[in-house]
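Could you build all of it, start to finish, from the sequences and the hints given here?
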Amino acid sequence: MTLLELSGLEKHFPVRGGFPIRRQIGSVHAVDGVDLTVHAGQTLGLVGESGCGKSTTGRLAARLLEPTAGRIVYDGRDISHASRRAMKPIRSEIQMIFQDPYSSLNPRHTVGAIIRGPMDINDLHPKGGREARVRELLEIVGLNPEHVNRFPHEFSGGQRQRIGIARALALEPRLIVADEPVSALDVSIQAQVVNLLGRLQRELGIAFLFIAHDLAVVRHFSQRVAVMYLGRIVEIGDRSSLYERPRHPYTHALLSAVPEVAVNGGGRERIRLTGDVPSPIDPPSGCRFRTRCWRAQEKCALTTPPLTRLPGNREDHLTACHFPV
Amino acid sequence: MFLQVSDLTVDFRTEDGVVHAVDELSFEVERGSTLGVVGESGSGKSVTSMAVLGLHDPRTSELSGRVVFEGQELLGAPRTTMERLRGNRIAMIFQDPLTSLSPFHTVGAQIAEVYRRHRGASRSAAWERAIVMLDRVGIPQAKARVEDYPHQFSGGMRQRATIAMALVCDPGLLIADEPTTALDVTVQAQILDLLRELQEQSGTAIILITHDLGVVAAAAHHVLVMYAGRAVERGTVREVLREPRHPYTWGLLGSMPTLRRPVTEELRPVRGAPPSLINVPRGCPFHPRCDFVELPGPQVCTGERPELSPPRGHGDACYLTLKQKREVAP
Amino acid sequence: NQGAPPQGTSSQAAPSAAASYSAPKISVGTAEDSRGPAIEPEGVVRGGTVTMIDRDDFSHLDPAQIYVNTEANFGLLIHRGLTGYKRVAKGEYKLVGDLATDAGTASDGGKTWSFTLKDGVKWQDGTPITSADVKWTIERMFAPFITQGPTYIQQWLTQEDHRAAYEGPYGGKDLDAIETPDDKTVVFRFKAPHADANYAFAMAGYGIVPKAKDTREQYDKQPVSSGPYIIKSHVVDKSYELARNPHWDAATDPIRGAYPDVWKLEFGQESLQITDRLVADAGADQQAFTFYALTPPERLQQVLSDQSLASRRMISPSPYGNYYYFNLDRVKDIKIRQAINHAWPSKQIQQIAGGPQAAALPTTILNENTTIGYESYDLFGKTAKPEGDIEKAKQLLAGSSDPTPTIVYAYNQTPLQERITVAIKNALEKAGITVVTKPMDRKTYYDSIGLVDNDFDLYWAGWGADWASGSTVLPVIFGPVADGAPNYSHLDDPALKAEMQKIAEMPDFDAQNAAWMRLDKKIQETITPLVVAENRIATMLHGSKVGGAEIDPQQWIVSPNTIFVKP
Amino acid sequence: MTIPTATLDATAVTPMPQAVGRSPGQLMWLRFKRDRAGVGAAVIVLFFFLVAILAPVISLVYGKDPYTLYGQENPGLLNDFGYPVGANGGVSAEFWFGVEPGLGRDVFAQLVYGIRTSLLIAVVATVLTSLLGVVLGIVAGYAGGRVDSVIGRVIDIVLSFPAVLFTIAFMPVVENLFVRPDEQTPVWLRAVTLVIVLSAFGWAGLARLLRGQVLTLREREFVEAARVTGASPARVVFRELLPNLWTPILIQSTLLLPALVTAEAALSFLGVGMIEPIPDWGRMFLRGTEVYQNDITYLVFPGVALLVFVIAFNLLGDSVRDAFDPKIKR
Amino acid sequence: MLRFAVRRTIATAVTLVIISAVTFFLFFALPSDPALLACGKVCPPELLALVRRNLGLDQPVMAQFVAWLAGIFAGRDYPGLGYCPAPCLGYSFVNRAPVFETIMDRLPVTLSLTVGAAVIFLTFGVATGILAALRQGRPLDKIASVASLIGASVQIYFVGTLALYFLVYQGKLLPSPSYVPLTENPLGWAAGLLLPWVVLAIIFTANYTRMTRSTMVENLSEDYVRTARAKGLPARTVVLRFALRGTLIPIITIFGVDLGTLIGGAIITETTFGLQGLGRLSVRAVTYSDLPTLMATVLVAAGAIVVMNAVVDALYAVIDPRVRLT
Ligand SMILES: Nc1ncnc2c1ncn2[C@@H]1O[C@H](COP(=O)(O)OP(=O)(O)OP(=O)(O)O)[C@@H](O)[C@H]1O
Ligand SMILES: Nc1ncnc2c1ncn2[C@@H]1O[C@H](COP(=O)(O)OP(=O)(O)OP(=O)(O)O)[C@@H](O)[C@H]1O
Ligand SMILES: [Mg+2]
Ligand SMILES: [Mg+2]
Ligand code: NI
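Line by line, the protein sequences are chains A, B, C, D and E.
Residue numbers for the first sequence, in the working numbering: 1 to 325.
Residue numbers for the second sequence, in the working numbering: 1 to 330.
Residue numbers for the third sequence, in the working numbering: 1 to 567.
Residue numbers for the fourth sequence, in the working numbering: 1 to 330.
Residue numbers for the fifth sequence, in the working numbering: 1 to 326.
Treat the hints as calculated values from the structure; they're not laboratory data.
Note that CB positions come from ideal geometry on N, CA and C, so glycine has one too.
Certain hints may be false.
Have a look at the derived ranges for each label pair, beta carbon to beta carbon [unchecked claim]:
| no. | chain 1 | residue 1 | chain 2 | residue 2 | range |
| --- | --- | --- | --- | --- | --- |
| 1 | E | Gln-170 | D | Ser-149 | 29 to 35 Å |
| 2 | A | Glu-203 | D | Gly-144 | 53 to 59 Å |
| 3 | E | Val-115 | C | Lys-25 | 30 to 36 Å |
| 4 | B | Gly-71 | E | Ile-150 | 30 to 36 Å |
| 5 | E | Ile-254 | D | Ser-149 | 43 to 49 Å |
| 6 | A | Leu-124 | B | Thr-264 | 32 to 38 Å |
For the chain B half of the interface with chain E, some residues (derived, Cβ under 7 Å), not all of them [claimed, not checked]:
| no. | residue |
| --- | --- |
| 7 | Val-18 |
| 8 | Arg-86 |
| 9 | Gly-87 |
| 10 | Met-92 |
| 11 | Thr-99 |
| 12 | Ser-102 |
| 13 | His-151 |
| 14 | Phe-153 |
| 15 | Ser-276 |
| 16 | Ile-278 |
| 17 | Val-280 |
Laid out in structure tokens, this is it:
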């Protein structure tokens with residue numbers, strides 16, 4: 001069942017400049033035509049290199065940003081341009097977990113205040129009162145409920161991320177946009193948090209849009225995975241299909257760049273990309289990956305490959321490439 | 001031995017107490033080989049590398065032990081000696097390519113400066129050298145980019161520039177402190193390849209510091225696993241990754257998600273949080289988070305602190321017997 | 001005149017009985033006295049550069065605009081007039097002819113005055129000064145752009161509203177009342193007798209202006225010199241440099257010594273700093289002195305008790321009158337006015353101003369120093385009880401229309417006046433008077449109290465005689481009641497007016513002065529329109545290499561005429 | 001949907017051992033307490049406040065008030081020049097700090113009452129300035145766009161406006177505006193005018209600082225976290241941002257206060273401070289610089305009092321800043 | 001760079017016009033009538049009207065402001081007073097001179113005072129700041145911080161008065177402060193201004209010492225400084241070429257403000273030392289309701305601050321290549 005659907009979603013940030021009067025002279029095509037769907041109770045992983053527009057997509061999905069174009073349909077309702085008031089009933093259903101466990105918690109609020117905040121704002125009266133609910137949530141995420149009156153700085157990174165998770169859970173959301181929730185954490189703590197999220201999903205049936213740049217982590221937590229490059233989805237598919245039979249050269253490159261613990265793993269073909277991600281202000285024409293793609297041909301520059309199912313792929317495995325691997 | 005560190009201890013005096021960042025750490029590096037140092041955040045990896053270069057502020061830190069490089073004792077060596085060695089025989093690459101380059105000077109100037117300082121080269125010769133180095137680390141159109149400022153470089157290019165800067169005097173030892181942590185996977189792969197290439201060309205010894213066992217597997221010959229400022233396991237890459245012996249190494253390996261591990265399986269994190277370095281747990285510092293303290297008996301793990309054994313080859317600091325380890329190892 | 005804006009204090013002074021100063025002797029000199037050169041001070045040396053330090057630059061250089069003593073004093077260096085005061089000895093002056101051969105000849109009972117110009121008097125360009133220039137000088141003073149200078153001669157020649165009678169020479173019309181029978185003679189015909197007209201001509205305001213070089217408004221910036229110096233450079237509000245005028249001949253000038261070759265004037269220093277500099281007497285400051293920077297009360301003790309300064313000290317009581325005027329429109333009961341006079345804390349104010357050596361406590365309206373034939377009286381027992389007689393004041397109040405009156409006291413808000421106000425309030429309140437103190441903005445102080453329809457009961461103002469006679473004091477401060485006019489009491493009494501008119505026209509100068517003195521007492525006795533305030537005694541210093549420095553007791557400023565520089 | 005409770009092992013994570021419950025305020029207090037200079041300064045500042053509050057009591061016990069002209073009423077205290085007769089400015093058992101030259105008031109009583117004036121004006125102006133600065137700074141920073149540029153312009157203009165000239169010119173005008181000509185100018189009017197002038201020109205600096213702070217805070221993820229739960233802009237500003245601005249606000253105001261005390265003294269110097277007979281340090285100090293050659297005592301007492309006061313306050317401000325700034329190690 | 005210059009010039013001009021307008025209209029609200037002051041003691045109404053007309057005071061305020069503004073660029077004619085050529089800031093009836101002349105006369109004094117003091121307090125402040133940072137926690141650091149605290153707390157009129165008394169009048173160690181044009185006598189220039197410079201420096205140095213120290217401490221722990229040390233560069237180079245560079249930004253920020261304010265006129269300093277600079281000119285202008293002079297000093301004061309801000313912004317880009325000038 002589709003819970004959230006993004007179609008043709010675009011977000012352009014204005015670039016100001018010009019002379020002598022400053023005006024908009026261009027725009028950052030942070031998100032430039034993204035189509036993806038999140039199924040209820042499932043996780044969609046979103047990976048890609050830094051700056052490719054993952055966070056922007058996540059913010060759009062949580063309606064923290066207003067899309068430039070395209071549609072955001074949540075649970076059958078178009079919320080692309082919904083006002084704050086119109087969003088009110090849905091607000092509690094879409095929550096967010098942030099990348100930085102340090103800056104995402106207000107250093108001047110106690111843990112209790114942080115977790116209770118969303119309930120205050122949305123005027124929720126859970127059974128047993130908010131205080132009890134806060135304690136309950138702390139317990140759920142594996143923190144000592146006695147710590148409600150402490151401040152964020154008294155917690156380690158992993159514990160803080162749990163506080164962030166508890167805050168997101170406070171409104172009993174159906175969808176959580178998790179923007180790189182584990183990137184800032186140490187490996188051992190990262191594993192704790194990933195396990196926690198997995199359990200929450202299983203037990204509470206929450207859907208996740210899980211943003212990360214680490215393909216291995218995404219693989220562990222997502223049923224479906226989308227690969228993003230320069231504002232577009234280049235490949236999206238079921239976990240096993242995508243990891244085992246990636247079709248887009250970029251997905252290939254990403255996967256082969258992940259260092260493996262297994263010594264002399266062998267067998268894996270190693271693809272080394274050269275050069276950098278082009279500027280999102282002036283993205284390449286046609287297929288955006290063509291400037292770094294070893295398979296690129298003339299056609300790639302002329303037409304933009306559509307995100308389609310390639311022959312030999314499973315039904316929901318879509319790829320945007322003219323010359324797939 | 002090329003570089004021999006023995007019983008290195010680094011303490012920091014802070015407001016809250018003395019931080020025992022590194023505690024009687026010993027290791028060695030052979031000419032032309034790579035030593036991977038792994039451990040979670042705060043385990044003392046960076047402090048160790050900075051100690052080798054003598055970069056700690058003597059007002060807040062206290063160092064003891066021995067650091068012998070090419071037969072020369074570095075701990076307590078006069079400042080001028082250290083200044084002559086740094087950037088010349090021993091070079092360092094830092095974790096964050098954005099902040100470790102001076103934003104105020106051109107990339108070329110920062111590279112050329114090292115060359116002039118240590119080789120007494122002329123301005124133009126040093127500049128030429130900078131271009132050559134940038135070219136060597138794979139910066140396209142090095143001639144044109146040499147006059148750019150760091151902020152005009154992308155993250156990957158900046159890290160290449162720091163590598164160029166480190167290698168400009170053909171150092172015997174390169175300390176790379178998490179050189180790829182801040183970078184994307186594709187760039188990380190490029191950088192690791194580059195380091196390997198350069199090592200093959202000039203036979204530089206490398207200390208590669210990271211918390212990513214995958215990186216170590218890809219780039220190191222030997223591994224040193226650190227926990228709370230101490231070495232808990234040491235050996236060749238194959239030994240440590242294939243047959244890890246210390247429960248902490250197990251934990252590290254277990255918490256790393258990989259592309260191969262079956263997805264149905266949950267990750268096996270090390271439980272708990274890293275220890276305080278001010279009140280390091282008595283005995284084995286890992287015992288509060290260790291699942292196997294009961295096996296050798298709790299008094300044992302909290303009592304005397306375990307040493308690396310055996311002293312050479314694949315060693316670990318744990319009271320479990322090899323047999324016990326084989327039984328409980330995941 | 002009202003004197004220059006006071007420095008370091010806003011109160012000005014008259015002599016005290018205790019002080020050992022005698023009032024200056026002023027008499028009219030003969031033609032012989034009017035010959036140059038000036039009498040040399042002892043040990044005079046010619047040449048050198050002298051420096052004068054002061055706070056404010058002069059607002060006017062056009063003689064016709066000069067009324068303030070500082071400007072008049074500076075005018076001595078560049079302007080000459082028909083008559084002037086010649087220093088004969090210390091404290092002794094003679095009114096002599098300056099450009100004129102003598103102090104003038106009156107005829108027609110004082111209605112006609114004639115002067116003859118000396119030979120060899122020249123402008124700075126070498127052209128001779130003629131009677132036409134003198135006539136022109138007076139005529140141009142009728143022009144509308146002349147706003148500041150004295151008006152006596154103009155009024156005497158025409159009428160009280162002299163501008164209405166004649167619009168000045170620029171339209172081509174001349175004034176018949178001035179005759180120039182030849183190049184050397186000039187005759188003034190007044191409407192009424194004025195026995196003291198030769199004193200009036202000694203005012204700097206009647207310094208002459210060359211007819212050929214008159215630039216009207218611009219003349220105020222670049223005057224033509226007839227005196228011993230010419231202005232070499234002038235930076236507004238900052239400095240002057242004067243060099244010798246080659247066409248000035250000492251033999252024609254009985255007044256100006258003009259000993260230094262170069263004058264440097266420096267402005268912008270507060271009197272405190274000037275005093276400190278002169279006390280220090282370091283480097284170039286040894287050749288420095290000040291025209292008008294009185295030693296402020298804060299430095300008096302030091303300056304007066306330091307014996308090493310004795311030779312460089314100049315002391316002179318103020319020739320001005322300082323008064324706290326009652327607004328007669330508001331304080332109508334004479335008993336209250338007299339009660340306040342009795343309660344007045346003169347001694348306290350004196351102490352705040354720096355003590356008996358800084359301020360005298362006069363009891364009369366007319367100033368001892370500038371009144372020929374001065375006689376003292378003490379109506380309010382100030383000599384016996386300078387600190388005020390509260391009991392007497394209470395008695396008077398008890399018998400008045402309002403035993404607990406409220407008095408609105410307006411004052412010029414300077415630090416010193418603030419402190420004086422504290423003492424006044426303190427004293428009057430002891431007598432049962434409620435004092436409302438109103439600090440006024442310095443720059444609009446005179447404007448505010450000058451309004452006839454003001455809301456204050458009591459306020460300070462000063463006035464000084466323009467020459468040594470009551471005729472330039474009483475008829476002025478009790479003159480017409482108008483906005484901006486110096487009759488701050490709003491005393492408007494026809495009988496008094498008539499009496500003053502009568503005295504002014506008395507042909508005998510001495511009799512006139514005696515009459516002014518009697519009127520002074522009568523006014524205080526019968527009307528009590530003011531409280532006579534403390535009068536400051538100036539103490540000034542000069543550098544150790546400055547000679548001949550002396551305070552002109554009439555102008556209350558160091559005269560440039562006798563200054564010389566020791567090598 | 002119900003959430004099952006206690007599905008997780010709550011002990012999976014052990015709390016960090018050194019994390020004892022301390023709020024930022026408590027932390028600040030702890031750091032502050034350790035700063036001996038700061039505590040000393042705080043004690044002095046407190047002392048000044050106490051003296052200000054207890055001025056009437058002190059005056060009663062001391063037996064003198066700041067208004068009576070003792071020197072003029074009792075002959076023998078002041079000499080002919082108005083200077084105290086006794087040595088050291090007339091310091092005696094009766095007049096602890098001597099007698100004022102000229103008017104002969106009691107210096108001690110004046111100083112004690114003078115604190116009231118200085119403190120009152122400075123405190124009120126500080127509060128007003130901070131309020132204005134905080135409101136405008138936060139609004140500019142948070143609203144951004146046009147509002148920001150308008151406020152930014154106003155800030156620029158206020159900062160480049162010649163405030164002192166303005167004050168000198170308008171102090172009398174304002175007074176004439178509010179007081180009927182035949183009424184006593186109330187004491188508070190001058191004080192109020194001073195406060196208004198000082199605040200009107202003082203807020204811009206703080207606003208600019210806070211605007212910058214808000215700009216960075218706005219980008220912090222906790223603001224987004226609040227917005228994602230549906231928080232209104234008002235809530236974001238007051239509940240999320242404001243608490244984070246207390247530190248700069250507090251630091252600024254503790255440093256602003258002494259600056260205002262000196263500013264008030266400087267205005268007195270230029271003749272637009274408090275008028276006689278209200279005891280005022282600025283004016284006493286100014287008078288001191290005039291009479292110091294004969295009566296240095298009269299300069300020393302107000303001078304030293306003002307100096308100690310301002311130094312103590314600045315020191316306190318510095319200490320508060322240090323206490324709030326974990327980066328500064330002492 | 002050129003774009004920046006043009007854009008900032010426009011912005012500066014706009015700001016200055018606004019400030020001028022505010023000043024103009026505010027001071028028009030003053031009760032004292034400039035014409036009355038110009039007119040003199042005895043001032044009949046017709047004469048007053050004449051003065052008004054000559055000074056242009058009979059025009060509506062707005063027209064007067066426009067005339068004043070236009071005069072700056074086109075010059076202005078005053079009937080009865082003559083023509084005031086192009087940078088005409090008006091004609092002062094108090095000084096009886098074109099304001100521009102007076103300003104140009106005072107400016108060298110103020111500039112000499114400012115620049116000399118600035119050189120002292122900048123070099124001295126930064127040097128002690130660096131030393132304090134390097135000797136963090138040592139006696140020198142403590143001394144520097146105590147000294148700077150005291151420096152920041154004292155008043156110019158306090159230090160100035162005492163310095164004058166002890167060094168000039170009593171000690172006779174220094175000549176009494178005065179201004180001699182630099183071109184005339186460089187030594188006399190320096191000697192005459194030495195005391196004001198030093199006194200100003202005492203008060204300003206403090207700020208720089210503190211600022212330099214704290215930013216320096218921060219910068220010394222920057223990664224790139226560590227890199228520089230790891231490169232084997234001598235300590236001196238590390239400090240001066242790397243750590244100091246980042247410290248310069250906050251320093252020039254406050255330096256710009258200080259310089260701007262000082263050029264606008266160090267009122268109290270000039271009063272204390274009897275120097276004839278813009279500060280005293282402005283106070284005098286206020287005291288005498290000399291609107292044209294006042295406007296001009298305000299313009300110079302505000303202009304100095306605004307221009308210094310622009311210069312500082314431009315310097316940011318010179319110091320830090322990351323800063324883009326727009
Ligand atoms: N508010 C904004 N204004 C202008 N540009 C923006 C803004 N937010 C993001 N961008 C730009 O949009 C692009 C995509 O940014 P985004 O943060 O979505 O990337 P990301 O994939 O999340 O990267 P990362 O992995 O570094 O977090 C980047 O080039 C970024 O600079
Ligand atoms: N200058 C210092 N003063 C006090 N403590 C310090 C200092 N430098 C490092 N430490 C402490 O020493 C410990 C080890 O730090 P180190 O930087 O070596 O860790 P690391 O292993 O490099 O971690 P990371 O992976 O995060 O870089 C940490 O707890 C750190 O807080
Ligand atoms: Mg992101
Ligand atoms: Mg590290
Ligand atoms: Ni493609």
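Against the structure, the hints come out as follows:
no.: 1; hint: Gln-170/E <-> Ser-149/D: 29 to 35 Å; in the structure: violated (55 Å)
no.: 2; hint: Glu-203/A <-> Gly-144/D: 53 to 59 Å; in the structure: violated (42 Å)
no.: 3; hint: Val-115/E <-> Lys-25/C: 30 to 36 Å; in the structure: violated (57 Å)
no.: 4; hint: Gly-71/B <-> Ile-150/E: 30 to 36 Å; in the structure: violated (54 Å)
no.: 5; hint: Ile-254/E <-> Ser-149/D: 43 to 49 Å; in the structure: violated (24 Å)
no.: 6; hint: Leu-124/A <-> Thr-264/B: 32 to 38 Å; in the structure: holds (36 Å)
no.: 7; hint: Val-18; in the structure: violated (17 Å)
no.: 8; hint: Arg-86; in the structure: holds (3 Å)
no.: 9; hint: Gly-87; in the structure: holds (4 Å)
no.: 10; hint: Met-92; in the structure: holds (4 Å)
no.: 11; hint: Thr-99; in the structure: holds (4 Å)
no.: 12; hint: Ser-102; in the structure: holds (4 Å)
no.: 13; hint: His-151; in the structure: holds (5 Å)
no.: 14; hint: Phe-153; in the structure: violated (12 Å)
no.: 15; hint: Ser-276; in the structure: violated (22 Å)
no.: 16; hint: Ile-278; in the structure: violated (20 Å)
no.: 17; hint: Val-280; in the structure: violated (25 Å)
Of the numbered hints given earlier, the model fails hints 1, 2, 3, 4, 5, 7, 14, 15, 16 and 17; all others are met.
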